[in-house]
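For reference, the chains in residue letters:
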Amino acid sequence: MTVTETPAPSAPPNPTGAPDGSRLAAHDLRLGYDGRVVVDGVTLELSTARTTAVVGPNGCGKSTLLRGLGRLLRPRGGTVLLDGDEIGSLPTREVARRLGLLPQQPVLPDGVTLLELVERGRHPHHGLFRTWTRVDEAAVAEALERTDLVELAGVAVDSLSGGQRQRVWLAMVLAQQTSVLLLDEPTSFLDIAHQLDVLDLVRTLRDDGTTVVMVLHDLGMAARYADHLVAMRDGRVVAEGTPHEVVTPEVVEEVFGVSALVVADPETGTPVVLPRRRVS
Amino acid sequence: MSSAPPLASTPATPPTAPSGTPSTAATLARARRGPRRRRTAVVAALLVLFVSLVLVRALLGDYRVSFVDAVRILGGEQVPGASFVLLESTLPRAVMAVLAGAEFGAAGAAFQVLLRNPLASPDVLGLTHGASAGAVLAVVALGVRGTPVTLAALAGAVLAAVVILSQAGGRGGATDRMVLVGVALAAGLSALVHWMLLRASIHQAQDALVWLSGSLNTVTWADIGRLLALDAVLLPLLLLLAGRLPVLGLGDDLAAALGVRVTGLRVGVTLVVVALVASATAVVGPVAFVGFLSGPIARRLVPGRPSVGIAALVGAVVVVAADHVAAYAVPGTALPVGLVTGLLGAPVLLWMLRSRPASQEDR
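Line by line, the protein sequences are chains A and B. Residue numbers for the first sequence follow numbering that gives the first Met the number 0, so the first one is 0 and each next one is one higher. Residue numbers for the second sequence follow numbering that gives the first Met the number 0, so the first one is 0 and each next one is one higher.
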């Protein structure tokens with residue numbers, strides 16, 4: 000275990016560019032709805048071709064942070080930089096060609112077939128007058144192959160199980176072919192088999208060079224599948240670093256208010272959290 | 000076929016799998032074939048129905064015009080009797096029925112998809128009634144005709160839209176609130192129209208009957224020309240914008256993530272819908288249920304992908320057919336077309352509720 004890199008949690012290195020090849024970065028980001036501030040001054044460099052998991056208690060601003068990073072929410076302060084450009088200044092379609100985002104609960108249209116749904120992921124690559132090209136076809140085919148859904152292409156999505164539906168949504172964002180992918184709780188409501196399905200897929204995406212940021216609830220899964228963890232509480236980043244640095248009894252208590260035992264997974268060596276009792 | 004095999008934990012797909020293998024391409028082609036065939040069949044059937052209904056409406060009235068005569072008349076010849084019936088009565092009515100039906104159908108379907116609520120059609124939300132009230136006000140109080148009536152209807156529809164959309168602020172449940180406000184608005188505006196008609200002279204009230212339920216009894220070529228000019232701009236614009244609606248159907252967040260400017264699209268579609276509804280209502284009044292039912296019927300015929308174009312075709316077919324029934328169902332009496340669409344609408348709505356596909360068990 001060579002822990003040589005020191006991620007320097009709260010020191011904004013240089014706010015203008017992306018020196019270490021970070022494609023997506025937030026600097027002193029403040030986000031909120033109406034009168035409420037939800038994310039209060041978050042600075043993050045999301046390392047390229049790595050998986051970052053954002054963890055924290057309910058309502059700590061994880062999903063809001065993700066929406067802000069995906070420019071679905073206009074910042075009240077601070078900036079989000081995509082490839083060095085202020086994300087809000089880029090054309091919407093241009094952002095959508097580089098950055099994909101899967102919300103927690105997208106709306107499933109009645110009666111839509113799997114193939115039709117996945118094809119909609121190609122939308123950002125089309126102009127005002129849509130034409131379907133070989134590139135589109137290849138992207139859709141590849142997305143379906145990666146998610147192992149080719150045989151179900153003609154099936155109505157509302158007849159599928161929850162676990163399969165989640166893979167369909169993933170196939171849709173894969174068809175978008177972006178190098179940055181933001182996933183909001185991609186495994187919630189899934190049984191463990193389907194959770195592994197999704198997270199294994201995320202791992203292969205990472206191996207192919209995709210920068211993944213996902214919000215996860217399960218600390219064990221986050222520690223096992225993410226290269227980098229960001230722990231949030233009350234709209235601020237409490238701890239940031241490798242799973243071993245972040246998943247410690249101290250951080251778990253500070254973030255979740257829970258006293259816990261942290262042991263090493265006998266097989267992978269990654270930290271596993273055994274919650275003991277609540278300490279408020 | 001439709002029930003998928005229960006999926007156990009599948010291992011991650013082998014990273015070496017080449018993309019776009021021939022077998023995948025073949026499978027995808029097969030998956031597309033079904034929906035594509037169905038769509039082609041539906042469009043073909045609707046087109047045949049559409050052409051035959053227009054012919055029936057134009058030629059087979061109380062006074063029958065033979066097809067040969069009709070061709071001669073349209074070629075510029077004078078056929079005693081037939082010329083007058085075709086050119087002054089049945090043909091303009093058929094053309095207007097097509098235009099109004101297509102406008103109501105397209106506008107209704109677009110609005111329902113835009114707001115993701117099958118109740119959110121312009122006639123339920125009171126846009127049509129706003130247009131109607133504006134038009135009645137112009138006719139009864141100001142005594143104007145023609146273009147000013149269309150403008151007044153537009154003003155009424157815009158006002159109604161502003162009232163409804165002002166309810167859309169905030170997050171969550173916005174469309175439910177819009178529907179409730181819209182229903183109340185529709186009832187209020189309908190009462191307003193009645194009240195204005197009570198105060199009108201008998202002569203005006205006869206004309207203004209159009210605004211109560213929608214009627215094609217007084218259509219002129221001038222009306223058609225005005226509507227055609229607007230349609231030539233509005234319908235292609237709506238179809239162009241409608242290309243983005245399937246993506247918007249996935250939810251605001253996902254649509255934005257896929258590069259749709261959600262607010263801009265909302266505003267654009269709403270403006271076009273308001274203009275379409277107002278221009279049609281200014282001439283034929285609020286023809287009941289057409290905007291409300293065309294979209295769901297179109298979606299039932301072609302599931303999955305919302306199609307504004309097919310809804311327009313459905314609307315045209317419904318209004319032409321309903322107008323024929325309205326004109327000849329009761330001998331000696333010309334019923335307003337809105338009465339027939341209203342009568343047809345209720346059972347169709349009940350049928351659609353009963354045969355609703357059992358889906359979305361968990362939401």
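Note that these hints are calculated values from the structure, not bench results. Heads up, a few of these hints could be off.
What the hints assert, rightly or not - Which stretches of chain B does chain A cover? Using the computed rule of at least three CB atoms under 8 Å from a CB of chain A, they are: (1) 38-50; (2) 86-98; (3) 238-247.
To be verified - Residues of chain B clear of chain A, computed beta-carbon distances all greater than 12 Å: (4) Thr23; (5) Leu27; (6) Ala28; (7) Val112; (8) Pro147; (9) Asp230; (10) Val232; (11) Asp251; (12) Asp252; (13) Leu253; (14) Val261; (15) Arg298; (16) Pro330; (17) Leu342.
Where a beta carbon is used, it is the ideal one built from N, C-alpha and C, also for glycine.
Assertion that chain A covers the stretch 86-98 of chain B - criterion: three or more residues, beta-carbon distance below 8 Å = Coverage by chain A is violated here, the residue count being 0 at a Cβ distance below 8 Å.
Given as covered by chain A, does the stretch 238-247 of chain B meet the bar of three residues or more with CB within less than 8 Å?
-> holds (count 5)
The stretch 38-50 of chain B covered by chain A? Criterion: 3 or more residues, Cβ-Cβ distance below 8 Å.
-> violated (count 0)
Is the Cβ of Pro330/B more than 12 Å away from each Cβ in chain A?
-> holds, 43 Å
Closest CB of chain A to the CB of Asp251/B still more than 12 Å away | violated, 8 Å
Against chain A, does Leu27/B keep a CB gap of more than 12 Å to every residue?
-> Incorrect as stated: the minimum Cβ-Cβ distance to chain A is 6 Å, not above 12 Å.
Interface-negative label, Asp252/B against chain A, beta-carbon threshold 12 Å = violated, 4 Å
Is it correct that the beta-carbon of Asp230/B has no partner in chain A closer than or equal to 12 Å?
-> holds, 21 Å
Verdict on Ala28/B as a residue remote from chain A, using beta-carbon distances over 12 Å | violated, 10 Å
Confirm or reject the statement that Val232/B sits farther than 12 Å, beta carbon to beta carbon, from all of chain A.
-> holds, 17 Å
Claimed clearance of chain A by Arg298/B, with the beta carbon kept past 12 Å = The claim breaks: Arg298/B does not keep its Cβ more than 12 Å from every Cβ of chain A (closest is about 7 Å).
Non-interface label on Pro147/B, tested against every C-beta of chain A at 12 Å | holds, 35 Å
The structure does not agree with the numbered hints 1, 2, 4, 5, 6, 7, 11, 12, 13, 14 and 15 stated previously, though it agrees with the rest.
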